[in-house]
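Enquirer: Sequence:
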Amino acid sequence: MKVYIMYEVGGAMGIVSTAQMHGMFPAQRAGGSSIPLETRKIVTDEVNAAIAGAAEAGATAFLVNTGCPNGRFILPDALDERAELIQGSWKPDGTMEGIDESFDAAMLLSMHARAGTPRGVFAHSWSEGICDYRVNGVSVGEVGMAIYFAGAVGVPVVMVSGDSHACQEAIDILGDVETAPTKHGISRAAARSVHPNKVLCAIRDAARRAVARIGAFRPARLDAPVTVEMEMTDGRLIPWWLHIPTVEPLGRAACAGRRRITGPRTGSSSSWICCTLPTPNWRSGSLQEVGLEARTGSRVLRGGTTMAGRLSRRGFLQTGTLAGGALLVGSRIPGVARGAPRLAAPPRQEGRPVTLRYITHWTGGDGHAGTMQWLYEAFQGRNPAVALEVFEIPSYEEAQATTLAECQEQCPDVLHAVTTTYAESGFLLDLTAWMTANSERFVPAAQEGMVIDGKHYGWSAEYSPVIPVWNTALLEEAGVSEIPLTWDDLLAAGEALRANGKYLTSFGANPMSYIDVIVFTLPGGPEAMAALDFTAQPFLDALARLQELMPYLPENDAENHWDEAMQLFVSEQMAFELNGAWTIGNEIVSDVAPEGFADRVAFAPFPSVGGGTAVYVDTFTFIGASAAVAEDPAKLAAVYHFFDFWTGPEAATRFITEAQSPMGVTTGDFAQADPLLGGFFGVTGDVTFTYPPALRTGNTYGAGEAATQALLLGMSVEEAAQFYAENFSA
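If you're matching positions, the sequence shown starts at 190 in our numbering and goes up one per residue.
Keep in mind that the hints are not guaranteed to be accurate.
To be verified - Below, a list of computed lysine-lysine pairs in the DSS-like style, where the Cα atoms sit at most 27 Å apart:
(1) 691 with 644
(2) 387 with 280
(3) 230 with 280
(4) 280 with 644
(5) 230 with 387
As the list claims (entries may be wrong) - Label-pair distances were calculated between CB atoms; the ranges are:
(6) 247 with 760: 55 to 63 Å
(7) 408 with 565: 49 to 57 Å
(8) 834 with 598: 22 to 30 Å
Simulated from the structure, these hints should not be mistaken for laboratory data. Just so we're clear, the structure is a prediction, and the values are computed from it rather than from any experiment. Where is the CB? At the ideal position from N, CA and C, for every residue including glycine.
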């Protein structure tokens, strides 16, 4: 008897933090993975428990595959010897790779709740940018799509484990299915669970019961035609759908009546994708036609072809497997995730200190964490009348989602990493008077950041040129004697590195900057960017240049985002990253860097494409305050007092010397404080630029990511430019 096992990680017992799933840097690696060893052991134990239970009831063969894109959660040498294991990315059938008619049953393990589930731990459907996924009008998550995938090949799903909400989704679809809840969600980042031994026993018992009565289960089949609808808050996902070879446009009427959500709940207009599929039977070999209309903003994107015969991407099933694999690269800057935790406001009582509530993602392995801890303690020690209540959420995405969700009811008083979405939604305090009164302490670039209609809504907690950081040892090993400073030299270095088994760079490191540092050196480029003309020739020329780099990038670079790119750089697999000075503390001199790594790096301008070199000066991680504090004079004064201390000489010096990450504050000599920091700020180019105000107020990171991903998926520079424009305004 053959059993197919697909496992996730978000629903595994005790897993409540993205840091538990992804780790941070190579020093945390176990067996070549960036995932903490403890997490891999938990997942492996759960899979082994299911195998043991199924074997007790008569199962003899097992195939194990992951629903996660990197496929590295299982410890191969600890996996039950009766199982075969699929690992790696870019599998044709993604989350359900390897399943076919020969299997008697399928099990789904460590599953998480679908997007929008209140109190669902890690509640999402393949990507944080997808807020609803419906099949024939019914919302489903990764549990539902896996059930339907298995059903399409005639295999019943007989057992599901994971978050209690994920188990309930399986019951809603299948009815009498065996389940083993591993935890009960309190919020997206908190859960209640019993002892791990009890969880493993429950999984083993459920698997044994399921196989013992295998004849009672039937495959979950869908009748044709099947309609799939997807609501997204992140239009960057659309290129993936346009990449499916069988895509054909549907008429506008096909998506008539689909609502577009605007305002603070999502932070931007939602995008809709509708697919109508004549048949879910991808093994029929007949002509398959998949219709697609993707809406983002006011423009309708259309594209694609039809294919006859057996499909390389399999119609309806591919809508699930692409989402489970490729689409998971989705959202670095997501819309609001529903069900985010609510943080209770402390009671205000006479005679008690003013309490400031603050959510931050600068925790744990981040290079700012130690300095931030000093900041909290030093401020409170000297200001006993102001109490800081700090909520630390390690994941940037979780912190953003939690903060935005909080702002629907009562914003935290101090807001970390605010964007224009916060200001446009009315959440932010106007800091113009405070910034004006303190203008002498900020460098000009830091004063230009969060400015909308002439008003300041945030000050920069990070400030730096964004430049290539080169691993000179990799260049020397490849026979490259000098750091490339021209475009031709860069391409030549790429060839030499590829021949030596290394990568040149990754667009995931800082996607918008690869475009910008080229555009701003081309004739007419600065003017085009200031006018937000993303169809201008300099912009198209910059994208064409990036196409020339693609042979020297990682094969799966469309999957790589900041953390994956950083891992490639620190593990010395790629020659340069494009980043700011904060990379010194986070990668170069941190305790996770290889021994002697700092001696092997060097800084340089981005190679010239013929119009000179450009150095982009970035202001990032803007700190703001809730507009609501203006109603409480004592709290408003406390916020300004906290900002005064944070940006004052003592704290600014700490950030320079300890975190190697200066704020945009005119304090200290960088070269004297830290040689590496001095080297970063010593890099100059023919053009040094910050974003024009009109450009700063858009979603430049998301736009750059959408454009570079479109190129990586084989689209034209014109299509990539369209995606940049659409996502910039999203």
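Enquirer: Look at each hint and say if it fits the structure.
Expert: So, going through the hints one by one against the coordinates:
no., hint, verdict
1, 691 with 644, "violated (47 Å)"
2, 387 with 280, "violated (34 Å)"
3, 230 with 280, "holds (24 Å)"
4, 280 with 644, "violated (49 Å)"
5, 230 with 387, "holds (16 Å)"
6, 247 with 760: 55 to 63 Å, "violated (44 Å)"
7, 408 with 565: 49 to 57 Å, "holds (55 Å)"
8, 834 with 598: 22 to 30 Å, "holds (28 Å)"
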